[in-house]
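All chains should be built: construct the whole structure from the sequences, respecting the hints.
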Amino acid sequence: MEINIQLTDRVGDIVMNYPRTAEVFKEYRIDFCCGGNKALLQVIRDQAIEGEALLQSLSNAAVSPAAEAINWNERSSSQLIDYIVRTHHGYVRSELPPLNEYVKKVARVHGSHHPELIQVQQWFEALRREMEHHMEKEEREAFPAVIAYEKDPTEEKKERLSAVLNTLEREHEGSGHLLKQIRGVTHDYKLPDDACTTFRLTYLKLEALEADMFQHIHLENNILFQRA
773 MEINIQLTDR
783 VGDIVMNYPR
793 TAEVFKEYRI
803 DFCCGGNKAL
813 LQVIRDQAIE
823 GEALLQSLSN
833 AAVSPAAEAI
843 NWNERSSSQL
853 IDYIVRTHHG
863 YVRSELPPLN
873 EYVKKVARVH
883 GSHHPELIQV
893 QQWFEALRRE
903 MEHHMEKEER
913 EAFPAVIAYE
923 KDPTEEKKER
933 LSAVLNTLER
943 EHEGSGHLLK
953 QIRGVTHDYK
963 LPDDACTTFR
973 LTYLKLEALE
983 ADMFQHIHLE
993 NNILFQRA
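Residue numbering for the sequence shown is 773 to 1000, as defined by our numbering.
Take these hints with a grain of salt, some might be off.
[To be verified] List of simulated lysine-lysine pairs, PhoX-like, C-alpha gap at most 25 Å:
no.: 1; residue 1: K962; residue 2: K877
no.: 2; residue 1: K810; residue 2: K798
no.: 3; residue 1: K923; residue 2: K952
no.: 4; residue 1: K877; residue 2: K977
no.: 5; residue 1: K876; residue 2: K952
no.: 6; residue 1: K876; residue 2: K962
no.: 7; residue 1: K977; residue 2: K876
no.: 8; residue 1: K977; residue 2: K810
no.: 9; residue 1: K952; residue 2: K877
no.: 10; residue 1: K962; residue 2: K798
no.: 11; residue 1: K909; residue 2: K923
Note that these hints are calculated values from the structure, not bench results. If you're wondering where the values come from, they're calculated on a predicted model, not measured in any experiment.
Below, the structure is given as structure tokens:
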């Protein structure tokens, strides 16, 4: 496979074409989901990143034999929506209830010695409410509208759909901001010496949720929504 990553490429397009590069962007703290419309050169300048090293890391990841085989540019919107609902919405719905209990428990037990956990609980609760409402709205309104537009792409449907998708993208930005706040206040999920098993499990699950959310938002913002 020929690798052709340019500084003028959008971050979201790079991940779309070479899915394994998502791990590199995560390592460099580059937002490829909500910030996927930024050019790589702009990100390098904004975050004062060594460009050659980043390009080399991206190229190495792109040729990895473990690279994801699915090219969503070759699949229909219906297929992508089905994947998002089954894989990402399903994951979030199964993880949020138990994770909510873990977050509340560690805040209650360890919050006096680790006050950042109180803030984590508040931000997570906001994220949980946001995501539950957001996914319901996508499945009830947005996704059927995307499929209808794919079958009959009229200008009227496009205008109506664009307004809905713009709202969803703003909500994605809000969710991404909450995830970044949680990562920041936990110092990249660094565990204190007195962390119990539940404390450790909570941080592991929060970080796993973040990874899934970033991939989830990337598929919607940078692939699905771009078709409207």
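Open item on the list: To test your reading of the hints: which numbers does this structure violate?
Closed with: Violated hints (numbers, rising): 3, 8; every other hint is consistent with the structure.
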